[in-house]
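Protein chains in written order, with UniProt numbering: chain A, 1 to 398; chain B, 1 to 345.
Chain A side only, calculated, beta carbon under 7 Å to chain B, not exhaustive:
(1) 289
(2) 291
(3) 293
(4) 294
(5) 296
(6) 297
(7) 298
(8) 300
(9) 303
(10) 339
(11) 347
(12) 348
(13) 354
Worth flagging that the hints you see were computed from the coordinates, not collected in a lab.
Only a predicted model underlies this, so the values are computations on that prediction, with no experimental measurement involved.
Think of the CB as a built atom: it goes at the ideal place given N, C-alpha and C, for glycine as much as any other residue.
Here is how the chains run, residue by residue.
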Amino acid sequence: MERLQSSVVRTPPNSTVVQRRSKSYRQSYRSCLGAPSRLGLTPGLTARRLNSSRRALKSHVITVSHTNPSLTIFYVLLNLQRETLNGHVFYPVLFLLKEKVNPEHLALLVKTEWRLSYVTPLHQFRHTQLKRYSRQLSAFIAAEKQQGVAMEVEGSQSGFRVSFSVVQGLAATDDDAETVLIQIYSTPVFARQDEPQKSVWSGWLTCINGNPEYLESLPKGFTCLPLFGGSGAEVLTSLVKSWFQRTFDCCFGPLEINHTSLQWLAALWTNCHTESNLQHLKMIWTLPVVPPLQVTYTVNPQDAWELWMSVRKDRLERTEEEAEAGSIDIEEVVRFVQGLKSHFYRHFRLDLSAGNLNQVSTTLGSAKSSGKIKISNSRYMITTLTLLTECALLKMPI
Amino acid sequence: MDDSARRLLQRIMRRIPAQMLKPTLDKWGRLTAAQRQSMDFTESKWALTEKLLAICEENEMTVKHITELEMIHVIENPDHCMWYALQLMDPEEDVHSVELTQFKEQFKSHLRELIRHVSIKIKKHTDEAVWIRIAWGDSFSRPNHLKPTYVVHHLQTPYVFVTSLTSKLKPLLSQALVLSTRYQAIKDASLSGRKLTAIRDLLMRQYQQVFPTKYPSPLAENDQNASNILINKEQAELAASRHQKAREAFGDGMLPQLQSAVYKLETKFRDHTNKTMTEREEAFRCVVKFASTNLLESLRHCASSGIASTPGTSLLSSIPLKGRNYFVITDNSPGPSSQTRQPSN
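Put together the whole structure using the sequences plus the hints.
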C-alpha cells in the first residue's frame with residue numbers, strides 16, 4: 001500500500017514549542033522527533049512538538065458501497081483543480097475510496113460527543129480474543145456491582161452485556177492497529193422477552209496515522225491504541241478503564257485539547273467549506289476577569305473561508321515546491337486565527353490572546369478544550385482522528 | 001372555580017418558591033385568618049397546593065383573584081423572564097401632565113378598542129413604577145391567562161419594559177401605550193436581559209457614574225494591596241490611571257447586572273498584513289456575543305487590568321453609554337469615538 005506523503009516536521013516559529021521533563025531512558029516518542037539528550041533534559045533544546053504541518057483535509061468517503069467488501073483497497077487520485085472566485089487555482093484534492101466501514105458503527109461514532117483520554121500501549125492485547133474480553137469485562141462489572149460500587153445506571157438490576165468489536169476500515173496505515181469499539185448494553189428492569197437491549201455506554205480505542213517510528217520502536221507484545229473516547233455514565237467509564245488497566249497493564253489519563261489543536265481544527269474545518277457547508281465557524285473564548293467573561297465569536301463561513309484562502313495564497317505564492325501545495329503549515333493556521341483576532345481587536349480593543357480558547361464548532365464537528373469532541377461528518381473523521389491521535393501520543397508519559 | 005382558574009393556581013404555586021409562599025399569600029390578603037391558620041407551611045408544596053385549591057373553592061374565587069396572586073409574585077421576583085426595553089419617542093406638549101388615573105383609564109380604553117377580549121390589570125408599585133398585566137384573547141376566544149404579558153412603565157420617563165410579547169400583538173400594545181402616554185411613537189431600545197432592575201438602572205443611569213476629572217489623586221489611596229513595594233512604585237501610576245479610565249467608561253460601585261451583549265459586525269476587514277482581505281469589497285460578517293454573570297463588572301475589570309486598552313473609545317463602552325445591549329455595526333454608522341464626553345472643568 002503506497003504510503004501517503006508524511007507530514008513535514010518543521011521547527012515552528014514561536015509559541016507551539018512546549019517543553020516537558022522526562023527521565024525516561026527508553027526511546028520515547030519525543031526522542032523520535034528531534035535529537036534530545038538521553039541523559040536528561042536541557043530546557044530550550046528539547047522540545048515536544050505537534051506536527052507543524054499536515055496534509056490538507058481530505059474527504060475520505062468511507063461509506064461508499066463496494067461490490068467486493070472484503071478485500072481490495074484501491075486509491076483513486078483525482079486531481080481536481082478548482083477555480084476560486086478570483087480565478088486562483090489552488091491545491092489538488094485527493095479522494096480516497098476505502099473498504100466499507102460498517103454503517104452502524106459509523107452512525108454511532110458520528111452522532112455522539114466523546115470524552116477523550118490517552119492510553120499507554122496495551123500489553124498482550126489480541127484482536128482475535130475480543131469475545132473473551134467481552135465476557136471478562138461483563139464479569140468484572142458484575143463483580144464490582146456486587147462489591148457495592150455505586151451504580152446509578154438504569155437497569156442495574158439486570159446484567160450488563162458487553163460487546164467488543166473491530167471497526168474495519170478506519171486504520172490509515174499498516175502500522176495502525178485496528179480500531180476497537182466497546183459497547184455496553186443493559187436490559188431494562190421491566191423488559192419483555194424480545195425487547196432489544198439498550199446501549200448505555202460506548203467507547204472506542206483507536207490509532208490513526210500514528211507516528212511510525214514510535215510504533216516500530218515498541219517492544220513486541222505491545223499494541224498501541226493511544227486514543228480513547230467514551231460516552232455514557234461516568235461510573236461505567238471508570239470501570240472499563242480500570243479493567244483495561246488491570247488486564248493490559250496500561251494507564252489512562254485525561255486528554256485535553258490545547259489551543260494549538262483547536263486552532264488546527266478551526267483551520268482544517270474552514271478548509272472544507274467548499275465541500276460541505278460549515279454554516280458558521282464558532283469559537284468560544286474565556287477571559288480571566290472577575291466574573292469570567294465568555295466571548296462567542298461566530299464568523300460567517302464564506303468570509304472565514306476567504307480569509308483562510310487569502311492566508312494560504314500568500315504562502316503558496318512564496319513557496320515554489322509543488323509538493324508543498326497539498327500540505328498546510330502551522331504558520332498559516334496561526335495567521336488565520338491571528339487575522340480573526342485582529343478584526344476583533346479593531347472593534348473592541350480586547351486582545352483575545354489574553355483569554356483561553358475553549359471551544360471551536362462548526363457543522364462538521366465541535367471540539368472543547370476540556371477534551372470533548374464530536375465529529376458530525378463522517379467524511380472528515382480520519383483527519384480529525386489523526387490530529388487527536390497525535391495529541392494523545394504526545395501527552396502519553398512514556 | 002372553573003378549570004382554567006384551577007390550572008392557573010397550580011401553575012403559580014409551582015413557580016413560587018417554598019419560602020416565599022407565606023409572605024406572598026399574606027400580601028394577597030384574600031384568605032381569612034382561620035384559613036391562613038389552617039395552612040401548614042411545613043408540608044410539601046403539593047399538599048399545600050391542594051389545600052389552597054380547596055380554600056379558593058370555598059371562597060368562590062375567580063380567575064381575576066388568582067391573577068392578583070400571580071401579579072404579586074411577579075412584582076416581587078421579576079427575574080425569571082426576559083425583559084425587553086422600549087423607548088417612547090417624540091413627546092407631545094402635555095406629556096408631563098399625564099398622571100396615574102388618567103394613564104390607567106386611557107390605556108384600558110385604547111387597548112380594549114383595539115382588541116375585544118383582553119384582561120388588563122394595572123397596579124402601582126411603591127417605587128413609582130406602573131405594572132400592567134395583560135392576558136390576550138381574540139375575537140373568538142377568551143383571554144389566555146396562562147401566557148400573560150407584563151408591562152412596566154415609569155411615568156414621566158420614556159421607558160417601557162415588556163416581557164413575552166408576540167409580534168402579532170406588539171403593534172396593538174405599542175399603539176395603546178403611545179396614545180395613553182401622549183408620545184407619538186415607540187421604538188425598540190435594543191436592550192434586553194433577565195434582571196429588570198439591571199436594565200432599568202442601566203437605561204435610567206441609576207448607578208454610580210464617574211466623570212472625567214483632571215486630578216483623580218484620591219484614587220491612589222484606595223489600592224491597599226502592597227505586595228511588593230518596588231513593583232507597586234513602578235506600576236502604581238499606570239494602574240491608577242487604568243482604574244480611573246475603567247470607572248469613567250463603565251461606572252463605579254455596584255453596576256447593573258446585565259448578562260449578555262450581542263454585536264452584529266458587518267464591517268470590512270482591514271489588516272495591513274493581509275492585502276487580499278483588505279482589498280475585498282464585501283463586509284466581513286460575524287456575530288460576537290459577550291456573556292457573564294455580571295457583564296459590566298467583567299468589562300470594567302478588563303479595562304482596569306489592562307486586557308482592554310483604551311476602553312473609552314471601544315464599542316464596549318457603548319453599552320452603558322447608550323443603554324443598549326444589541327448592536328449592529330456597519331462601516332457607515334458613526335464610530336464610538338464620536339461619543340467621547342467632554343471633560344468637565
